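Visitor: So you can see what is in the structure, the chains are spelled out below.
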Amino acid sequence: MQYYFVVIGATDNPLYETDIIPSSRSSSINDPNRDDHKHLNQFIVHAALDVVEEVQWNTQAMYLKSIDRFNEYFVSCFVTAGNVKFMLLHDQKSEDSIKNFFNEIYEQYIKVLMNPFYEKNSTITSTQFDSRVKMIARRFL
Amino acid sequence: MSGKKVTVTYCDEYDVWPLIADDLSSRLPLKGLVWQSSNQRVERHIQSLEVDLKRFNFEQVPQPLSTTQTNYLNLYFVSCDDNEAYKTKVRRQIRNWVDIIMTKKNQDWLIVYVASPDSKKTNSYLGLKSSVYDKIRTDFNQGKQERCAYIRINDSDGPSSELWTTFVEKMKESILTSFDMQVQQIQEDTRRLDMQRHMPGWNYCTFFILKEGLAQSFEIMTLYEDALIQYDELEASFFQVLRDKALAWFGHFGGTDPGDDSGNIMDFKRKDYRDLINKNIISVFDFRSYLFARQCRMLLKLQRIVEICSRAQFFITSFIPSIRENKEHLTNHFLESWVFSACMNVVNECEPFSAQMAAIDPDFISTYSAVKADLLLTARRQLDKLGVQQKHLPNTAPFSIYLDTQIPPNNETTTLDDSKTSNDITNQKLLEAIDSVDAFDKMYMALSTRAIKSYDSSGRSRAALGVHGDIAALKYTREKYDEAVRIFESMIWRYGEQDWSFIENSLLVKCADSQKRLNKINQYVESLLALLKNSSCLSSCQAAQYADELIANVGKLDKEIKKPFSPMLSVSVVSILDDEKVESTSVEILIENNLTKALHFDNLQLQLVGNDPEETTFYIKNNTIQPGKNTFLLTSDISTSGNYVVESCQMFIGKLIFHQVFMNADQKKRVIRLNHDSKRLIATVSQPTEVRLGERQSFAVRIQSKETPITNGRLLLEPQTEGLEIINTNKVPAKFKTHSGDIKQLELDMQEDGHIILPACDAHEELELAIIYEGSYTEFDYRVKTTVSYTCAGTERKFVSADTISVAVPLSVTESSIFRETCIFLKVELSCNGTLPVRILGSSLSPSKVYAVESQSQVNQWNLTLFPRQTATFVYKLIKRNEMDTEQGVTDSLRSKVHFEVKYRTLKDEVETSVSAMLERKLREHHLGQHFTYVFSKVREAFLSSVDYSSYGLMDVVHLDDFDAELCESFLLHRDLKTKVELLDLIEEFFEEHEAITMKTIKEQAPKDYPQHGISFPLDVPTSKILHTAELILSNDSSLIVSDACPCVLQIKQSTYWCATTDTNDQTQDYIYDIDIDYDNWLLSGKRRLRFSSKPGETMEFPLSLIPLKTGNLLLPPVRVSSISSDIFAATVYTNSAQQILVKPKSKTATFFIEQQQRILAMQPSYADDPTSRTLPETTV
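So the protein sequences, as listed, match chains A and B.
The numbering of the first sequence is the working numbering, which starts it at 1 and goes up by one.
The numbering of the second sequence is the working numbering, which starts it at 1 and goes up by one.
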């Protein structure tokens, strides 16, 4: 299983998505069903948005923890102040490391926001963001 | 073990039970128990406790360890009135019973004395004789604990009997006591066993049985919450043990028993699990099933339906990996069957409760629906897997994505195996579904629709959306394209809208195929477009295929489809080209084609919005967009100028329209400045060079055909200033200058709607029209929109421009007329109207029908600079024309008024004309001539407005020294950087070169055809006047002697020359004459002021006497004749005006003292003060 990380804008559109191959399980790189998974991943995350909407108003925390499941996969979510959601599809449930992961990503996301050329709720194309996300993922997941 | 109740035994050796049984059971179940655990502070309230009454058995078999003790209380009913009998028999019997009870753990006991209805509780009288009850109490009560109760058979107090209440309270107390003891003991045992966890020989099962005992005790006492906690702790410890890999005693995974795959997971009595555990032979599968079933049981008791479902979802999905790991031991499709059955079990079990719950809590339905839908969907996904494996469904997304491992597509053998062993499934419903495709579909649909309904009622629309997609995919697989398309079309956009492109594409592929099969071209093209929109998610060959399909089908559209350019194509405006290299103003557009195929378009157009006209379109037709970047030059039929904002772009491919709007709120506007096409027709409106005041004013419209021969031209002037009106005169005079230089006078037709029909023109021809307007007098700037529409080489074109025309007249005149008997002097004073000096170049007076100019200044060519607050005066002598002239027709061409005509140039105009000519030449040298009009208008506004023209007028040098690069830059925006920099440099250079311009340069630089401006002022010269000629006729005009009276006659004659020609002239009018006598010099005898009547031609004489008082040349007193009524103005010609007459002294000698001159001078200061001193030196008699 790879991790699937996606940033979803306030208008529920994906701003950034990536598959993260955990360092511990780099053997699964040659997964023949990558496309299939991409479809499924989007699917799971999209459906989980329903739950995020329910949960996000009942807590003060930005990190909503694991909010949904799909078979043995978990969906963890982090909601920023601008109602941008970070969603991670993962199998192992290790709340602390995911929380750290999200917090670091949040910092990176804020840096993206500070870019005057970045328009809110538009696709994040910054390659720096991309590489940072992958780096953070290597560190925490 | 379910349905266990607290057991209370009774020992009835006196056969009283039948008498009290009804009374006792009517007081059961026990109500309102409060358990205060001895090691927990929290009070537990037990609303109601069922009690099972059993007859006490003296020969009890010891209970097996695994069963939980339920017996908390033992009762002994005794009925004995006889003290002796008690002593001899009863006491021993009770003692026996008590002894047996005492051997049992955690059981309390109570001796109940059953009295007869009429007996008293204590019949002791003064304590002399104690009753049996009292004896029992003394015998068996140990310590403070009361072990005895007293009840009465058929108690007369009925249900509220105090005795019974006390008894029941005691029962409750005792039950709680023994329960508490039991709980404590088990807790203690559990804790001890838990501590030994890591010791060899420790058995989880033993631990489980022990701890579950506690849970069961709680359950018995209806403390389900506490029971659940125990089970949850057990589960936690199970996982703990699992992590420690210390589950050696779970020898096998299990799940191999028949029916395991379809057994009800909520049924904890499906197998004798506890026995299996006790015997240490339970399998992991069974164990977890049991644990879950027990938890559900507790939750069900607690009515936590939602939690059951969510726990079930969690349990089922988290158990899947374990099942999968042990696949080889299990029957085929065990996993699918089990998951399906489990999910359906839970839903079915919960459904009846949900109805009740919903009635209580309105919020329940939405939360319950969500978890229910999840379970239903999980069940449905098993169908997906089975379907694919059984070939009911194709091995493609979305069905295949739930498969644990991808089945190699062409592996027939595995599928054969699968179908053979499919009978392993014991779930009847699943078997039906596997057997027939119809049943399968029915079930698939039923489950999906249920899930959708549940999701909808829980508000999880996105999850429902996904299920919709699955249904559509099934319909597609079953070739029910109609239905599939209907579902797809209703949902795909919701993903597309939010850019979930992978999902969108996976659905679109099927949708597009269905639409193609149904021959729904419009929808098919839409789907193709949507697919291509997300082409980044497609493989290149797919993308190419869809692009081909698009091109092939786009022509078949029967309705318009509008799509944004992006992301298939991207469009951007690069720049605007209008230099000499291009034929006409062109907008350069860059289109990037992200498809792999070339696209042919019919029309590509760009809309710009601005002022006058509000919208203009640039377009290019019939061209092809190659993959990659393409540049197109778009041209417009409308030649206009000004700043325009790029509004939108459209590309038409048949009925498919790509469009993009550039004016979004969050987007910076792209402004481009357009110039008029320098190679196409240009029309300019201005104030005509010759202005005739007092007539209808006109605008001069100059139309230059430039390089385009035109036909069908129509000119329209539209006023844009309030109060301005273009007068429709039907005919418009025009001057037509052909390219050979001939000038023809034409009359052009003006239509009803104000359009003026222009003649056909060749290239480089010119038309000048004078169009009459009316406007308010206070307005000097008019804004007029000029539109010329014409046909050039078959295309309709337009020229549009809006100009501000200044119609201010820089000069003003005041005239005055002085009447003489037979002529009139006209004095014209010319002054600047405003603050700008004007160079007067010529003046003339044109005669009118009435007056001929008799004489005027010989000079009429001037070079006179008139500054503000100066006046230039011109005098003309006019005489009335005689009737001969009128008859001869000399006057026919003349106007009714005399006109004063001035030729002039304002200094401002002079300077600006030359500067503009110089600037234009400079720009043209650098091929930037097209910007001249705009640049000069801005330069004039910004830098020439502050030029001191008075100083130029005086010194003949004009200083242009306030160039401001920043300001200049600000109006050069909206063009590409290169043009801007070039222009800026040129303008700056120009200002540097021409810091000071002499008049000589200005004169040299003025264009050859630089016109002189002319104004003709109509002047009102009265044609008739009442004019009196007054003459003072002195009798003696040569030798007047001071102090001698001189008789004279004042002769007043009313002139006939200035009479109006009408009859009223003969009327007699009253006039007054006035002699303004200077009493210092003259004395008057006679009427100084007199009223008289006169009529034209009449001569009046008034005798007077004048006495001069001084010697020397005295002025004759002036005479004035005026009219009585204020509305008649009478002028006077005084013949003697300014006539001096010599008055001689009486004596003939005079003596002058020369030496006194000095004194006179010295005395002069006091001259005015002392009148006597004046006379002294002057005259001596």
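Careful: at least some of the hints might be erroneous.
[What the hints assert, rightly or not] With a cut-off of at most 30 Å between alpha-carbon atoms, the simulated BS3-like pairs for lysine-lysine come out as follows:
no., chain 1, residue 1, chain 2, residue 2
1, B, Lys5, B, Lys269
2, A, Lys38, B, Lys391
3, B, Lys978, B, Lys1003
4, B, Lys669, A, Lys111
5, B, Lys480, A, Lys38
Derived by calculation from the structure, the hints in this document are not laboratory data.
Values in this document were obtained by computation on a predicted structure and should not be read as measured data.
Visitor: Each hint should be assessed against the structure and marked as holding or not.
Guide: Going through the hints against the structure:
1. Distance hint between Lys5 of chain B and Lys269 of chain B is fulfilled; the C-alpha atoms sit about 17 Å from each other, no more than 30 Å.
2. Restraint check: the Cα-Cα separation between Lys38 of chain A and Lys391 of chain B comes to about 24 Å, which is no more than 30 Å; the hinted pair holds.
3. Between Lys978 of chain B and Lys1003 of chain B the alpha-carbon distance is near 34 Å, which puts this suggested pair outside the 30 Å criterion.
4. A C-alpha spacing of about 27 Å is found between Lys669 of chain B and Lys111 of chain A, which places the hinted pair at or below 30 Å, so the restraint holds.
5. Using a Cα cut-off of 30 Å, the hinted pair Lys480 of chain B and Lys38 of chain A holds, with the two alpha carbons roughly 27 Å apart.
Comparing the model with each earlier hint shows a violation of hint 3 alone; every other hint is respected.
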